[in-house]
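Participant: Chains as they are written, first to last, in this note's numbering: chain A, 1 to 817; chain B, 1001 to 1163.
Simulated from the structure, these hints should not be mistaken for laboratory data.
Certain hints may be false.
Straight-line alpha carbon distances no greater than 20 Å define the calculated SDA-like cross-link-like pairs of lysine to any residue that follow [said to hold, decoys possible]:
#1 A:Lys726 <-> B:Ala1138
#2 A:Lys726 <-> B:Leu1070
#3 A:Lys726 <-> A:Arg711
#4 A:Lys714 <-> B:Gly1139
#5 A:Lys726 <-> B:Glu1084
#6 A:Lys726 <-> B:Gly1051
#7 A:Lys714 <-> B:Asp1156
#8 A:Lys714 <-> B:Leu1155
#9 A:Lys486 <-> B:Asp1132
#10 A:Lys638 <-> B:Asp1132
#11 A:Lys714 <-> B:Ala1138
#12 A:Lys726 <-> B:Asp1156
Going by beta-carbon spacing under 10 Å, a handful of chain A positions derived as facing chain B [said to hold, decoys possible]:
#13 Arg18
#14 Glu163
#15 Leu196
#16 Ala233
#17 Ser235
#18 Ala236
#19 Val240
#20 Ile244
#21 Gly245
#22 Glu280
#23 Gln434
#24 Ala435
#25 Gly505
#26 Ile685
#27 Val689
A virtual CB, placed ideally from N, CA and C, is assigned to each residue, including glycine.
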Amino acid sequence: MSVLGTSPERSDADAKLRGQAIFGADLSRTGMLWAALARSPVAAGRIRAIDPAPALRGDGVLEVLTSADVPDWRTGVIVSDTPLLAAGSVAYEGEPVAIVVAESRTAAEAGARAVALDIETAEPVSTPEQALEPGARLVHPDWNRFAVAGGEDIGRNGNVVAEVVHDPGDLDEAFAAADIVVEGTYRTPRQYQAHLEPKMALATYESGRFTIEVSHQYPFRLRDRVAQITGVAPSAVRVVGHHIGGGFGAKLDVSLEAFVALLARRFRRPVRMQHTALEERLVAPCRANAIVAVRSAVRRDGTILATDVEIVSDSGAYANNGPALSSIPMFVFGSIYRVGTARIRTRNVYTNTAPTGAYRGVNGPWLVFANERHMDAIADALGRDRRDFRLASLARDGDLMRNGQPLTEASILREAFDRVDELAPWRDIVSRNQAQRGIVSRNQAQRDAGARTSQPAESDADVLRGAGQAAAIWLTNPMPGHATVKLNEDGTATVITSATENGSGAVATGLRQIAAETLGLAADAVTITMPDTDATGYDAGSQGSRTTHVVGRAIADAAADVRTQVLDRASRMLEAAPEDLVITDGVVTVAGVPAASLTLGAVAQAATWSDGPITAGASYVTPTPPHDPACATGMLIKGWPTPTYHLHQAEVSVDTVTGRVTVDRYVVCQEVGRAIHPDAIAGQIQGGVAQGLGFALSERVDLDHGRYVQRTFKAHGLPLAEDVPKVEMIVMEHADPAGPYGAKGAAEPPIVPVAAAVANAVSDAIGVPFDTLPITPEAVLEALEAEPNGETVARAAREPVVNRDGEQERETTGRAS
Amino acid sequence: MLVQPSERDVTIRLVVNDRAHQFDVDAGETLLGALRERLGLTGPKEACYEGECGACTVLVDGGPVASCILAAGSMSGRAVRTVEGLARAAELTTLQQAFVRHAAVQCGYCTPGVLMVLTALLDEVPDPCESDIRRALAGNICRCTGYQQIVEAALDAAASVQP
């Protein structure tokens, strides 16, 4: 019986439920020192002096180090722009300036607070708009001296960290031929990962090598980054991974690890660091805030002739992975819907704010937000039903993405529209919401007229309902993985890999199931190791839903090799041809001869002492899909490998008195290739939607003159148990020939379409476009009040659109009352 | 002669998971810090440090509290239960077993606190409805699961101890 498509217990559940699982933040070592960072209190300024004396007077403080005491070169994932400790100037609030080493955590933290920083503050470049103004102060006047990995031209210029331009050049003609032009500007704030386990690191230094113990999503990148910063060979760094208390992208790059490494070498003692509460908020690599301006040339029949997209995203004070992420718009616009000829320019810019980074779905949630808000705007301008317009505009099999990559399975998205409609029929929802608008409108009219009727107000007379849809095509991260599978002498198997379990269950159950399936074992007969860069082949970490697909494929290949060895040894022992043998539930049997059988343990035992232990290794990396390398300048991500297909449909109620938005029903249709562990996929969908609802409705990460406004955990407005509805799910399977048993990725994308679907639903409900997130009760009330007499509430008219002559014309929406 | 304890150190007596302990704590030391660093109980988690996320929740005299903002020195004479004190030997509690069945554990960092809150709820309200459970979890942030599988596990646990 197959173990795929079942939901066996995850290997870490018992330890996590008993409180026995040791996370990074639980680690301790005999003789351990603690260190803590003094960080810049201002967003921009020049360091005049750093006085360590007050810190050194503290009990147990051993040393205070500044930039003069650490390697003075700048490093980075793509652009080498980041100093280990700030020298000369500071570029964001929270930038490390000095490090205090002490005998205890309290002493280190007190010392860090005591370091006297004399900084001449400068007016920060606070926003991306400011950064792009002519004559704007440069966040890094010496930007031109920073090296770029691989020497790539990524379009850097002053405050522009990276620029990706796709310009086919014939847009003007299309706009001249348009019946209408629809424009929109879509603004989204940062989003904070809010993983519960604070960032930490523990290092030891022995015999010329660093060992870093950590809870990290990408141990091999950490190995390479610590080597880059400390100036040693990567093989001189060993990274050992422990249980991760959430990451969502925040634990993909180096943070405290290089500091503890250098200090462990300096003091020849284990050194430990951990973020304080405030540090967690100040230096989290949030999802970038962004502004997406979209302008479309549209014919009355609904054909989109051309689309012009202008994007600015905020890199913060250092580049991090922003230059790579700037390629992603190329895979959103024109991949889901046919948008005609498209010009897409993305600029990632420096500001004096904390560097942004990777958060689940990276740029996806705001790109899909812009794409789908814009689809609603066009549909409204044309007076078309929004779902019909989407269906008419859907990309088709064989269409090319903007990078020239063929869409081979675009029709899956059309299937998703059908599947969602079977569960939650759009037309029924639209007419029900329309009827409700009538109730609210009558109630409003009575109230406006000051009417006193004997009839009490109808129930929900202040509640407007709306529905929205959003679709996405999301990648499965292709980066390399490796696994060794060994058959143990008791007939169980062990998978040796540095794939990291970031909570999804991809390692704790999915990978084990894939090995079990191939070897004919029960899932609980397969154990899997924790990450250790000394002991395994390279692994590109827990990101972009890659683990099940990439590492799973390596495991399936390695396990198939093990299986071949088993059958070879068993065929000699059973005196039967290998092809006549079957393995079921840990027993090798000659087909049709139940008596002729051996346990896998017996085979393994015999093999170990005759031919040697049975093990096999395999590697996998997803090939880059065919594409046009000349499609754009500055593109670091060239293709969109192993796409998966997503449609979300949200139904909301908006209380016109309180402004509160309630999500009444949320449906996800997601294509996963092959569902290995259905309960884990359900957990990823539910959890991803919850994070997306936070981004859409409640989460706040505001900046004021470069400094974060929200400085406690709760201030971020994270969704609570009472805020998140049960998500209804349709999981579609279209096996990927390269994936293990057809599996693609599943964990990252459920967050991607959420804000778009919800914003479309709220905009539909009250007839005012919400093109800025989050849609808080205050924002809703403001929008309602901006409308004279709340008339628009019932009218559900849209923003006027502008025709090609620049005259305003109001389109009839077809829903006007 | 009687020695006054210094302002810095206080000796407290604490019953933790049914075992009596007596030890000194610093002024300003939290209950969470004492449990983790003096007793080696790392089940209660250090997360927001602000009493806002619930990962550090333990039961004090049966009621859930955020141990990261409680002064250890004020806890003398109290009975504390941590996540380590839930399961007896090999057997997980009914609630913990339901968490396994419903795949309610992902990264697992919020899990100890969530278990303590739900254990207290089920002690007080053996037959909670879904909104009772969601309300009880108002002080526990889970960033992974979206709460649904946790809620279903709690409902299932309640049902499996009902006649």
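Participant: Could you run down the list of hints and mark each one as holding or not?
Facilitator: Taking the hints in turn, this is what the structure says about them:
Under the criterion of a C-alpha separation no larger than 20 Å, the hint pairing Lys726 of chain A with Ala1138 of chain B is consistent with the structure, at around 16 Å. For the hint linking Lys726 of chain A to Leu1070 of chain B, the alpha-carbon distance of about 34 Å lies beyond 20 Å, and the restraint is violated. A distance of roughly 30 Å separates the Cα atoms of Lys726 of chain A and Arg711 of chain A; the hinted pair therefore is violated under the 20 Å criterion. Distance check on the hinted pair: Lys714 of chain A and Gly1139 of chain B sit about 10 Å apart at the alpha-carbon level, within 20 Å; holds.
The hinted pair formed by Lys726 of chain A and Glu1084 of chain B fails the criterion: a straight-line CA distance of about 30 Å is larger than 20 Å. A threshold of 20 Å between alpha carbons decides the hint, and for Lys726 of chain A with Gly1051 of chain B the separation of about 27 Å lies outside it, so the pair is violated. Among the hinted pairs, Lys714 of chain A with Asp1156 of chain B is inconsistent with the structure: their alpha-carbon atoms are about 30 Å apart, more than 20 Å. Of the supplied pair hints, the one linking Lys714 of chain A and Leu1155 of chain B is violated, its CA atoms being roughly 27 Å apart against a limit of 20 Å.
Proposed proximity of Lys486 of chain A and Asp1132 of chain B is contradicted: the alpha carbons are some 48 Å apart, above 20 Å. A C-alpha spacing of about 50 Å is found between Lys638 of chain A and Asp1132 of chain B, which places the hinted pair above 20 Å, so the restraint is violated. Distance check on the hinted pair: Lys714 of chain A and Ala1138 of chain B sit about 12 Å apart at the alpha-carbon level, within 20 Å; holds. For the proposed pair Lys726 of chain A and Asp1156 of chain B, the alpha carbon gap of about 16 Å is at most 20 Å, so the pair holds.
Evaluation of the Arg18 of chain A hint against chain B yields a held restraint, the C-beta minimum of about 6 Å falling below 10 Å. The criterion of a C-beta within 10 Å of any C-beta in chain B is not met by Glu163 of chain A, whose closest approach is roughly 33 Å, and the hint is violated. The beta carbon of Leu196 of chain A comes within 4 Å of a beta carbon in chain B, closer than 10 Å, and the hint placing it at the interface holds. Because the smallest distance between the Cβ of Ala233 of chain A and any Cβ of chain B comes to about 33 Å, over 10 Å, the interface hint for this residue is violated.
With a cut of 10 Å, the hint placing Ser235 of chain A at the interface with chain B is violated, because the nearest CB-to-CB distance is about 30 Å. Interface restraint check for Ala236 of chain A: the shortest CB-CB distance to chain B comes to about 30 Å, outside 10 Å, so the restraint is violated. A cut of 10 Å between beta carbons decides the hint on Val240 of chain A: the least distance to chain B is about 18 Å, and the hint is violated. Contact between Ile244 of chain A and chain B, as hinted, is supported at the beta carbon level, the nearest pair being about 6 Å apart and thus within 10 Å.
Satisfaction of the interface hint for Gly245 of chain A is found here, the shortest Cβ-Cβ separation to chain B being roughly 3 Å, below the 10 Å cut-off. For Glu280 of chain A, the suggested interface contact is upheld, since its CB lies about 8 Å from the closest CB of chain B, less than 10 Å. Interface restraint check for Gln434 of chain A: the shortest CB-CB distance to chain B comes to about 30 Å, outside 10 Å, so the restraint is violated. Checking Ala435 of chain A against chain B by beta carbon gives a least distance of about 28 Å; that is not within 10 Å, so the hint is violated.
At its closest, the beta carbon of Gly505 of chain A sits 7 Å from a beta carbon of chain B; the interface hint therefore holds under the 10 Å criterion. Given the 10 Å rule on beta carbons, the hint for Ile685 of chain A holds: about 8 Å separates it from the nearest Cβ of chain B. The interface hint given for Val689 of chain A is met, as the beta carbon of that residue sits about 6 Å from the closest beta carbon of chain B, less than 10 Å.
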